[in-house]
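**Student:** Each chain, written out:
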Amino acid sequence: MHSLSSSSASLSSVPSHHPRHPPSVPLPTLRFCGLRPEALFPRPLSLYSSCSSPARRSARRLRSTVLVSASAGNGPPSKFDYDLVIIGAGVGGHGAALHAVEKGLKTAIIEGDVVGGTCVNRGCVPSKALLAVSGRMRELQSDHHLKSLGLQVAAAGYDRQGVADHANNLASKIRSNLTNSMKALGVDILTGVGTILGPQKVKYGKDNIITAKNIIIATGSVPFVPKGIEVDGKTVITSDHALKLEFVPDWIAIVGSGYIGLEFSDVYTALGSEVTFVEALDQLMPGFDPEIGKLAQRVLINPRNIDYHTGVFASKITPARDGKPVMIELIDAKTKEPKDTLEVDAALIATGRAPFTNGLGLENINVVTQRGFVPVDERMRVIDADGKLVPHVYCIGDANGKMMLAHAASAQGISVVEQVTGKDHILNHLSIPAACFTHPEISMVGLTEPQAKEKADKDGFTISVAKTSFKANTKALAENEGEGLAKMIYRPDNGEILGVHIFGLHAADLIHEASNAIALGTKIQDIKFAVHAHPTLSEVLDELFKSAKVNSPVSSPVSEPVGV
Amino acid sequence: MSRLLQTPFVPCTANPSLRRPTNSGSSTTRLSARPSGTRIHAKVREIFMPALSSTMTEGKIVSWVKSEGDKLSKGESVVVVESDKADMDVETFYDGYLAAIMVEEGGVAPVGSAIALLAESESEIADAKARASSSLETPSSPAPAPAENAAPVPVPASPSPSPSPRPAASVMGSAVHPASEGGKRIVASPYAKKLAKELKVDLAGIAGSGPLGRIVAKDVEDAASAMAVGEVPGTPAAAAESPAVPLGSVVPFTTMQGAVSKNMVESLKVPTFRVGYTITTDALDALYKKIKSKGVTMTALLAKATALALVKHPVVNSSCRDGKSFTYNSSINIAVAVAMDGGLITPVLQDADKVDIYSLSRKWKELVDKARAKQLQPQEYNSGTFTLSNLGMFGVDRFDAILPPGTGAIMAVGASQPTVVATKDGRMGMKSQMQVNVTADHRVIYGADLAAFLQTLAQIIEDPKDLTF
Numbered sequence: 000m001h002s003l004s005s006s007s008a009s010l011s012s013v014p015s016h017h018p019r020h021p022p023s024v025p026l027p028t029l030r031f032c033g034l035r036p037e038a039l040f041p042r043p044l045s046l047y048s049s050c051s052s053p054a055r056r057s058a059r060r061l062r063s064t065v066l067v068s069a070s071a072g073n074g075p076p077s078k079f080d081y082d083l084v085i086i087g088a089g090v091g092g093h094g095a096a097l098h099a100v101e102k103g104l105k106t107a108i109i110e111g112d113v114v115g116g117t118c119v120n121r122g123c124v125p126s127k128a129l130l131a132v133s134g135r136m137r138e139l140q141s142d143h144h145l146k147s148l149g150l151q152v153a154a155a156g157y158d159r160q161g162v163a164d165h166a167n168n169l170a171s172k173i174r175s176n177l178t179n180s181m182k183a184l185g186v187d188i189l190t191g192v193g194t195i196l197g198p199q200k201v202k203y204g205k206d207n208i209i210t211a212k213n214i215i216i217a218t219g220s221v222p223f224v225p226k227g228i229e230v231d232g233k234t235v236i237t238s239d240h241a242l243k244l245e246f247v248p249d250w251i252a253i254v255g256s257g258y259i260g261l262e263f264s265d266v267y268t269a270l271g272s273e274v275t276f277v278e279a280l281d282q283l284m285p286g287f288d289p290e291i292g293k294l295a296q297r298v299l300i301n302p303r304n305i306d307y308h309t310g311v312f313a314s315k316i317t318p319a320r321d322g323k324p325v326m327i328e329l330i331d332a333k334t335k336e337p338k339d340t341l342e343v344d345a346a347l348i349a350t351g352r353a354p355f356t357n358g359l360g361l362e363n364i365n366v367v368t369q370r371g372f373v374p375v376d377e378r379m380r381v382i383d384a385d386g387k388l389v390p391h392v393y394c395i396g397d398a399n400g401k402m403m404l405a406h407a408a409s410a411q412g413i414s415v416v417e418q419v420t421g422k423d424h425i426l427n428h429l430s431i432p433a434a435c436f437t438h439p440e441i442s443m444v445g446l447t448e449p450q451a452k453e454k455a456d457k458d459g460f461t462i463s464v465a466k467t468s469f470k471a472n473t474k475a476l477a478e479n480e481g482e483g484l485a486k487m488i489y490r491p492d493n494g495e496i497l498g499v500h501i502f503g504l505h506a507a508d509l510i511h512e513a514s515n516a517i518a519l520g521t522k523i524q525d526i527k528f529a530v531h532a533h534p535t536l537s538e539v540l541d542e543l544f545k546s547a548k549v550n551s552p553v554s555s556p557v558s559e560p561v562g563v
Numbered sequence: 000m001s002r003l004l005q006t007p008f009v010p011c012t013a014n015p016s017l018r019r020p021t022n023s024g025s026s027t028t029r030l031s032a033r034p035s036g037t038r039i040h041a042k043v044r045e046i047f048m049p050a051l052s053s054t055m056t057e058g059k060i061v062s063w064v065k066s067e068g069d070k071l072s073k074g075e076s077v078v079v080v081e082s083d084k085a086d087m088d089v090e091t092f093y094d095g096y097l098a099a100i101m102v103e104e105g106g107v108a109p110v111g112s113a114i115a116l117l118a119e120s121e122s123e124i125a126d127a128k129a130r131a132s133s134s135l136e137t138p139s140s141p142a143p144a145p146a147e148n149a150a151p152v153p154v155p156a157s158p159s160p161s162p163s164p165r166p167a168a169s170v171m172g173s174a175v176h177p178a179s180e181g182g183k184r185i186v187a188s189p190y191a192k193k194l195a196k197e198l199k200v201d202l203a204g205i206a207g208s209g210p211l212g213r214i215v216a217k218d219v220e221d222a223a224s225a226m227a228v229g230e231v232p233g234t235p236a237a238a239a240e241s242p243a244v245p246l247g248s249v250v251p252f253t254t255m256q257g258a259v260s261k262n263m264v265e266s267l268k269v270p271t272f273r274v275g276y277t278i279t280t281d282a283l284d285a286l287y288k289k290i291k292s293k294g295v296t297m298t299a300l301l302a303k304a305t306a307l308a309l310v311k312h313p314v315v316n317s318s319c320r321d322g323k324s325f326t327y328n329s330s331i332n333i334a335v336a337v338a339m340d341g342g343l344i345t346p347v348l349q350d351a352d353k354v355d356i357y358s359l360s361r362k363w364k365e366l367v368d369k370a371r372a373k374q375l376q377p378q379e380y381n382s383g384t385f386t387l388s389n390l391g392m393f394g395v396d397r398f399d400a401i402l403p404p405g406t407g408a409i410m411a412v413g414a415s416q417p418t419v420v421a422t423k424d425g426r427m428g429m430k431s432q433m434q435v436n437v438t439a440d441h442r443v444i445y446g447a448d449l450a451a452f453l454q455t456l457a458q459i460i461e462d463p464k465d466l467t468f
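Chains as they are written, first to last, in numbering that gives the first Met the number 0: chain E, 0 to 563; chain W, 0 to 468.
One chain only, chain E, in its complex shape:
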């Protein structure tokens, strides 16, 4: 039940019905981790709900909830064409489709563009190719770093087309992998724009109408371009264009300093561009834990050829034409008074993403979007204009705006499939990790320190923070990459992990030990006994767990003792 076949899903679906396994042996002196699944799934999902519905939910209530679609797909042939139709073949739709097949559902996926969606074609995947290049360029350009390793390298250069091809080839490869994996499992891939005609009825392409027992909307998002900005795709661009790397401007303004903007600043500066950030809030990297943001600015912004304007909006951006450069008019974010004008070679609009629901036929099921997003409850069930649940329609991923991350979409899709196959499931969004693939990387899961403080004040508990530096990690020092920080916010009374934030070498790969612990409800006093190979970067987390001061005894044995 709790096995997971989807390769793209990063979260395991936690079975809430699993029998609780009482600790059968006393605390062993010798522990091995992960030997017995029972020990890893000790209780239903963590108790507080997703970010958008902050109401706390008790485990009791969770179990007693009546399921909407009770009958699973294992019965007699259904009167519908499909058990499940997914509109949108991005990472979210793909994750849902694979899990649905595993659950025995007859599944179709409708795609109006190309399989893979934003992530694979215009997002995470090609950007990782560019960032792989920028990371290597940085290493090769860092005389100081190379010298300290005793290396000598002649001046590094790059071929723009070669770099662009790498990104494009990677996207095609992942796209075909995704397509093949669905075809091999028998998912019908239907081409055309999907429109909901009414309850359980979907049109795709020109006039193909199919019926489905359940429908998942997974139409994703497009880059958000604020008013007054004219995107020409050449000198004023969005991430869609930037990933094609058609040119490397001498000077590029990046509007928005979130993770998209940051990653592109990493790419562009490594390739020789100078960058100017335009950020509406008063500080750069507003979404990150403040301490991590500060350190990241010290490492990723200040020493590079980057300057920035904070507290300003780009009220008007005109592409380069008639021999004039790209003009960016800046106004004060608060007073709206004109502040400055920038003249640059290119501008990248990285102000976030807007949900894409055009032509979806939401009006046919009486659904009105909120700021463009499809309203859903914590089980991804779509809510109509009257505040009632729309039966058999779910919405996952960027289109519902809960957490705009590919792996979150996939996890939401899996959660929905669990529900329609007769098992209630609520995804704990606080256990979903996020990463920014700069050099070095930033990753996080759960609450930031201010968020945790706020929650602690409200709910009347205290929090503590454990910190460690990559300077204290042998492997990081061997790589000469001691710059970095990991911090964990936790409850000293019961050992619950509230959030973990990492800035440093391979942070994106390191976060999962923490996110899994949060997802499975593992407490610090337990996980601190798990062993990490030495010397590895994972010891950064080990250090965090061990330095935490928890006033609660070890709650359960990690495994049966095995003598050697």
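FYI, nobody ran anything at the bench for these hints, they're computed from the structure.
Small disclaimer: the values here were computed from a predicted structure and weren't measured.
Glycine is no exception: its CB is placed at the ideal position from the N, C-alpha and C atoms.
There's no promise every hint is true.
To be verified - Label pairs and their computed distance ranges (CB to CB):
| id | chain 1 | residue 1 | chain 2 | residue 2 | range |
| --- | --- | --- | --- | --- | --- |
| 1 | E | K146 | W | K261 | 33 to 41 Å |
| 2 | E | G310 | W | A203 | 18 to 26 Å |
| 3 | W | S66 | E | N550 | 39 to 47 Å |
| 4 | W | F252 | E | Q140 | 29 to 37 Å |
| 5 | E | I188 | W | K293 | 29 to 37 Å |
| 6 | W | G74 | E | E229 | 41 to 49 Å |
| 7 | E | K454 | W | G74 | 19 to 27 Å |
To be verified - Mimicking EDC-like on lysine to aspartate or glutamate, the simulated pairs with C-alpha atoms at most 20 Å apart in a straight line are:
| id | chain 1 | residue 1 | chain 2 | residue 2 |
| --- | --- | --- | --- | --- |
| 8 | E | K233 | E | D164 |
| 9 | E | K315 | E | D339 |
| 10 | W | K373 | E | D142 |
| 11 | W | K193 | E | D306 |
| 12 | W | K192 | E | D339 |
| 13 | E | K470 | E | D456 |
| 14 | E | K466 | E | E538 |
| 15 | E | K466 | W | E81 |
| 16 | E | K387 | E | D376 |
| 17 | E | K466 | W | E45 |
| 18 | W | K65 | E | D306 |
| 19 | E | K202 | E | D112 |
| 20 | W | K65 | E | D281 |
| 21 | W | K293 | E | E480 |
| 22 | W | K193 | E | D249 |
| 23 | W | K192 | E | E138 |
| 24 | E | K486 | W | E57 |
| 25 | W | K364 | E | D281 |
| 26 | E | K470 | W | D321 |
| 27 | W | K59 | E | D112 |
| 28 | E | K470 | W | E81 |
| 29 | W | K373 | E | E138 |
What the hints assert, rightly or not - Facing chain W, from chain E, some residues (calculated, C-beta under 8 Å):
| id | residue |
| --- | --- |
| 30 | A154 |
| 31 | G156 |
| 32 | E273 |
Place chain W on chain E using the hints.
**Tutor:** Chain W alone, transformed into the frame defined by chain E:
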């Protein structure tokens, strides 16, 4: 003598120390040596390097969160310090004003030593500043930020720009930019701005060479080196001799310094003599100003002029290998001495007479970059047939150079300075003049040869149209 040879400077090319004025570690020894008995003013407090861990003995200033003159309230972060374990924000225990920063960003200070002064009221800021500079024992340093004046060894003194930079005439003029509202708005790229701050160059005085007149990093570098050239001789290149090595110790030669030493002793076997000449550079300066924006450097111009003069005087391009014969070199390869961290190297502009000035300038930039990265191939630094050495950046008006073994002549170039001169028609006027001084091997090159060569060179420089052909 050998000292002189160790310290040539390349015109119009920022040397490494110029690019990174804040050099870590240089001011620390002085900080720790500061007399502990400094009189404590009642209302000026010292901010100490804190001990952030039990094993920490010294800390590096990662960044100053506040700047001099900022008001501080108790508990506010003032500075970020890197210890052996982590970077930490350091807070102030008192209200007041950050009067003087004594250890700049990147600098290292022992635990317990003062890194800044805190004044209780605004009126005491000046007092505190005075105290900061006196306690740093650098009476010659006028700047409130003494750490920046410490030069890396052993290149004497980045020609550290004076605190109130005086842009040289060549970079004066408003930034011509179509959209800069008549020079009111300055359009400079992020890196140019960063460099300008580091090099203390005023962007307002720089004409941009980037797209649409934008100021780019190169313009700032040029302006900084032009400023250094424009420095009046006699202005001390501040803190030139500040030792960043522990005094009283013996430091072995590096490989490069060992090679220099060997060559210098070797040079004593060659009978040399010297001939000097004064050359008017007004026309050359004008030409330089005109084509600078195309990436042409003064070094390339001088090398080109020298090469063209050598074409007419092949004997000056010859050498004596065995003590019995002339070796007339088939190509004219101009070696130019460049100061490096820990010594000097002579990248070679090959066939300088044949390569056009633009390619030559590009080649030069490439060579300097490679030299800095220590990636020069042997033929790129040992194939010179004639050597140039220029100390004009420092305001040196004349010097002589030691002849590198294996070559026939080396020319020492001084600073070009405005000079009052009388002309033949009985008038007086202001002209920019520079002195050059050639050292040559008298076994092959005689006095008359050098004299004729210098005359030709002066003609070329004073009427430089051939340089760009």
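**Student:** Hint check: K315 (chain E) vs D339 (chain E), CA-CA at most 20 Å. Holds or violated?
**Tutor:** holds (11 Å)
**Student:** Verify the proposed pairing of K364 (chain W) with D281 (chain E), using a straight-line Cα cut of 20 Å.
**Tutor:** The hint is violated at about 40 Å.
**Student:** Is the hinted pair K202 (chain E) and D112 (chain E) satisfied, with a Cα-Cα distance of at most 20 Å?
**Tutor:** holds (15 Å)
**Student:** Sort out whether E138 (chain E) lies within 20 Å of K373 (chain W), counting only the CA atoms.
**Tutor:** holds (17 Å)
**Student:** Taking the Cβ atom of S66 (chain W) and the Cβ atom of N550 (chain E), is their distance within the range 39 to 47 Å?
**Tutor:** For N550 (chain E) against S66 (chain W), whose Cβ atoms are near 43 Å apart, the range 39 to 47 Å holds.
**Student:** Note whether the CB distance of F252 (chain W) and Q140 (chain E) lies within 29 to 37 Å or breaks it.
**Tutor:** Check passed, 30 Å falls within 29 to 37 Å.
**Student:** Using the Cβ atoms, figure out if G310 (chain E) sits within 18 to 26 Å of A203 (chain W).
**Tutor:** This hint holds: roughly 25 Å between Cβ atoms.
**Student:** Need the status of pair K470 (chain E), D456 (chain E): alpha-carbon distance at most 20 Å?
**Tutor:** violated (33 Å)
**Student:** Hint says 29 to 37 Å; check whether the CB-CB distance for I188 (chain E) and K293 (chain W) agrees.
**Tutor:** At 57 Å between Cβs, range violated.
**Student:** Is K192 (chain W) close enough to D339 (chain E), meaning Cα to Cα at most 20 Å?
**Tutor:** holds (16 Å)
**Student:** Just to be careful, I want the Cα atoms of K192 (chain W) and E138 (chain E) compared with a cutoff of 20 Å; is the pair within it?
**Tutor:** violated (25 Å)
**Student:** Can the restraint linking K193 (chain W) and D249 (chain E) be considered satisfied, given a maximum Cα separation of 20 Å?
**Tutor:** This hinted pair holds, its Cα atoms lying about 15 Å apart.
Hint check: violations occur at hints 1, 5, 13, 17, 21, 23, 24, 25, 26, 27, 31; the rest are consistent with the structure.
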